[in-house]
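*Asks:* The chain contents come next:
Protein chains: 2
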Amino acid sequence: MKIGIVGGTGDIGEGMVMRLSPLYDVIIGSRDTEKAKSVCNCTLDVCEKRGDKPCTVVGASNQDAVTCADIVILAIPFKHLVSTLETLECFENKIVISPVNPMEKRNSFEFVPPSEGSAALLVQKMLPKSTRVCSAFNTIAANKWRALDEELAYSVPVCGDDADAKRQVMDIVNHISKLQAFDAGPLAVSSMVEALTPLLLNIARYNKMRDVGIQFC
Amino acid sequence: MKIGIVGGTGDIGEGMVMRLSPLYDVIIGSRDTEKAKSVCNCTLDVCEKRGDKPCTVVGASNQDAVTCADIVILAIPFKHLVSTLETLECFENKIVISPVNPMEKRNSFEFVPPSEGSAALLVQKMLPKSTRVCSAFNTIAANKWRALDEELAYSVPVCGDDADAKRQVMDIVNHISKLQAFDAGPLAVSSMVEALTPLLLNIARYNKMRDVGIQFC
Numbered sequence: 006m007k008i009g010i011v012g013g014t015g016d017i018g019e020g021m022v023m024r025l026s027p028l029y030d031v032i033i034g035s036r037d038t039e040k041a042k043s044v045c046n047c048t049l050d051v052c053e054k055r056g057d058k059p060c061t062v063v064g065a066s067n068q069d070a071v072t073c074a075d076i077v078i079l080a081i082p083f084k085h086l087v088s089t090l091e092t093l094e095c096f097e098n099k100i101v102i103s104p105v106n107p108m109e110k111r112n113s114f115e116f117v118p119p120s121e122g123s124a125a126l127l128v129q130k131m132l133p134k135s136t137r138v139c140s141a142f143n144t145i146a147a148n149k150w151r152a153l154d155e156e157l158a159y160s161v162p163v164c165g166d167d168a169d170a171k172r173q174v175m176d177i178v179n180h181i182s183k184l185q186a187f188d189a190g191p192l193a194v195s196s197m198v199e200a201l202t203p204l205l206l207n208i209a210r211y212n213k214m215r216d217v218g219i220q221f222c
Numbered sequence: 006m007k008i009g010i011v012g013g014t015g016d017i018g019e020g021m022v023m024r025l026s027p028l029y030d031v032i033i034g035s036r037d038t039e040k041a042k043s044v045c046n047c048t049l050d051v052c053e054k055r056g057d058k059p060c061t062v063v064g065a066s067n068q069d070a071v072t073c074a075d076i077v078i079l080a081i082p083f084k085h086l087v088s089t090l091e092t093l094e095c096f097e098n099k100i101v102i103s104p105v106n107p108m109e110k111r112n113s114f115e116f117v118p119p120s121e122g123s124a125a126l127l128v129q130k131m132l133p134k135s136t137r138v139c140s141a142f143n144t145i146a147a148n149k150w151r152a153l154d155e156e157l158a159y160s161v162p163v164c165g166d167d168a169d170a171k172r173q174v175m176d177i178v179n180h181i182s183k184l185q186a187f188d189a190g191p192l193a194v195s196s197m198v199e200a201l202t203p204l205l206l207n208i209a210r211y212n213k214m215r216d217v218g219i220q221f222c
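If you're matching them up, the sequences are chains A and B in order. Residue numbering for the first sequence is 6 to 222, as defined by the working numbering. Residue numbering for the second sequence is 6 to 222, as defined by the working numbering.
FYI, nobody ran anything at the bench for these hints, they're computed from the structure. Mixed in with the good hints there might be a few duds.
Same chains, same names: a pair is fine if it fits in one copy or spans any two.
In silico BS3-like links for lysine-lysine, alpha-carbon gap of 27 angstroms or less [said to hold, decoys possible]:
no.	residue 1	residue 2
1	Lys54	Lys183
2	Lys213	Lys183
3	Lys110	Lys130
4	Lys183	Lys134
5	Lys84	Lys99
6	Lys54	Lys84
7	Lys58	Lys40
8	Lys40	Lys213
9	Lys99	Lys134
The whole structure should be built from the sequences, with the hints applied where relevant.
*Replies:* So, in structure tokens, the structure goes:
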């Protein structure tokens with residue numbers, strides 16, 4: 006299975022690449038292909054040093070990360086979501102994972118969804134009808150993705166309207182470290198998943214914690 | 006410290022009474038004072054049988070549960086919140102805890118906040134300026150409150166605008182079983198705490214679980 010990561014050289018994307026490369030064929034997408042190739046080389050070095058099984062990873066453009074992949078992860082901040090999607094095509098029949106959280110830092114972190122109701126619903130609206138969008142990975146902090154020596158012992162709620170796509174996304178989640186996927190319902194209720202992240206950022210801020218995650222129990 | 010529980014004979018309220026009575030002076034409020042007295046007698050029996058220290062609990066009206074208490078918990082469903090508060094007075098200078106979650110069961114459970122933004126903000130708007138409102142206990146299921154033989158090993162996010170009131174509420178949370186209070190910021194962001202409950206109900210529903218709770222980690 007080929008996973009393309011749009012924004013694969015960004016804060017969240019780079020750690021995702023490191024975690025996913027030993028498990029799947031990964032295409033690192035970036036606006037700057039040279040940067041993607043650099044992250045690719047770095048990933049190959051890390052995999053070799055860690056003794057992971059040889060990983061298949063290439064550095065490419067964001068468009069290549071879409072075109073060449075079966076599953077595309079949009080590892081980009083909400084503020085760049087629309088402008089990035091407007092430059093990309095070939096999403097037909099693909100599964101797209103949105104880990105995007107529409108939020109703003111005012112006095113506290115606040116959930117500020119678009120008029121569609123959530124970032125995932127906005128993505129579904131912008132992409133072709135044959136694209137199956139799921140939200141997942143919303144609450145895993147960038148630092149945790151990158152900390153390869155730490156287990157990721159978190160719950161991951163997954164929303165989506167297509168049962169087969171959701172099953173595939175949950176399967177990917179369950180293969181990464183100790184992440185545990187939970188079906189959180191259709192995309193229509195993805196706003197409640199996206200609202201977790203500003204909540205967790207507030208919990209971290211007001212309780213002097215770092216990179217707070219969540220477990221359902 | 007005297008804690009009054011408005012709706013103390015309801016689904017959530019009854020278990021709260023059982024858990025709080027060995028720790029604090031509790032006034033059970035109900036529209037039906039006889040029912041409150043019956044829950045009171047039941048609580049006294051349970052406390053005696055469990056060998057808890059003698060508990061101080063009385064059955065009364067909802068108004069008494071406000072008038073006689075230092076801290077009032079509104080253990081009522083969102084749909085009865087406004088009509089109940091309209092019948093009650095004497096909230097001046099009290100701390101009020103809202104565990105109320107505005108939600109509806111459509112195809113999935115959905116967070117449907119009032120125009121104020123959250124149930125807690127609506128409560129603050131309806132009550133006198135001297136009343137200090139906090140949201141807390143939003144995600145603890147009624148069955149878990151009642152299951153006295155089970156530890157409550159959950160995280161409890163607490164929102165509020167008054168630092169002293171929030172500290173007192175967090176202190177109460179931390180005295181109950183293994184609950185752990187977390188400062189989740191001002192009341193302005195309480196919607197993200199209230200949205201947790203429909204999310205958890207969806208998680209339970211779509212993953213064949215019961216009474217799902219949450220831990221920050």
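*Asks:* Take the hints in turn and mark each one as holding or not.
*Replies:* Comparing the hints with the structure gives:
1. For the identical chains of this complex, Lys54 and Lys183 are intra-copy neighbours only, at 21 angstroms inside a copy versus 42 angstroms across copies, given an alpha-carbon limit of 27 angstroms.
2. For a Cα distance limit of 27 angstroms, the shortest separation of Lys213 from Lys183 qualifies both inside one copy, at 25 angstroms, and across copies, at 21 angstroms.
3. Within a single copy, Lys110 and Lys130 get their C-alpha atoms as close as 26 angstroms, and across copies as close as 24 angstroms, so both meet the 27 angstroms cut-off.
4. Neither within a single protomer nor between protomers do Lys183 and Lys134 lie at most 27 angstroms apart by alpha-carbon distance, with minima of 33 angstroms and 47 angstroms respectively.
5. Taking the shortest alpha-carbon separations for Lys84 and Lys99, only the intra-copy value of 23 angstroms comes in at or below 27 angstroms, while the best inter-copy value is 42 angstroms.
6. In this homomeric assembly, Lys54 and Lys84 never come within 27 angstroms of each other (Cα to Cα): the closest approach is 36 angstroms inside a single copy and 59 angstroms across copies.
7. Only within a single protomer do Lys58 and Lys40 lie at most 27 angstroms apart by alpha-carbon distance; the minimum there is 24 angstroms, versus 66 angstroms between protomers.
8. Taking identical chains as interchangeable, the C-alpha atoms of Lys40 and Lys213 are never at most 27 angstroms apart, the minima being 34 angstroms within one chain and 44 angstroms between chains.
9. In the homo-oligomer, the alpha carbons of Lys99 and Lys134 lie at most 27 angstroms apart inside one protomer (10 angstroms), although the nearest pairing across protomers, at 54 angstroms, exceeds that limit.
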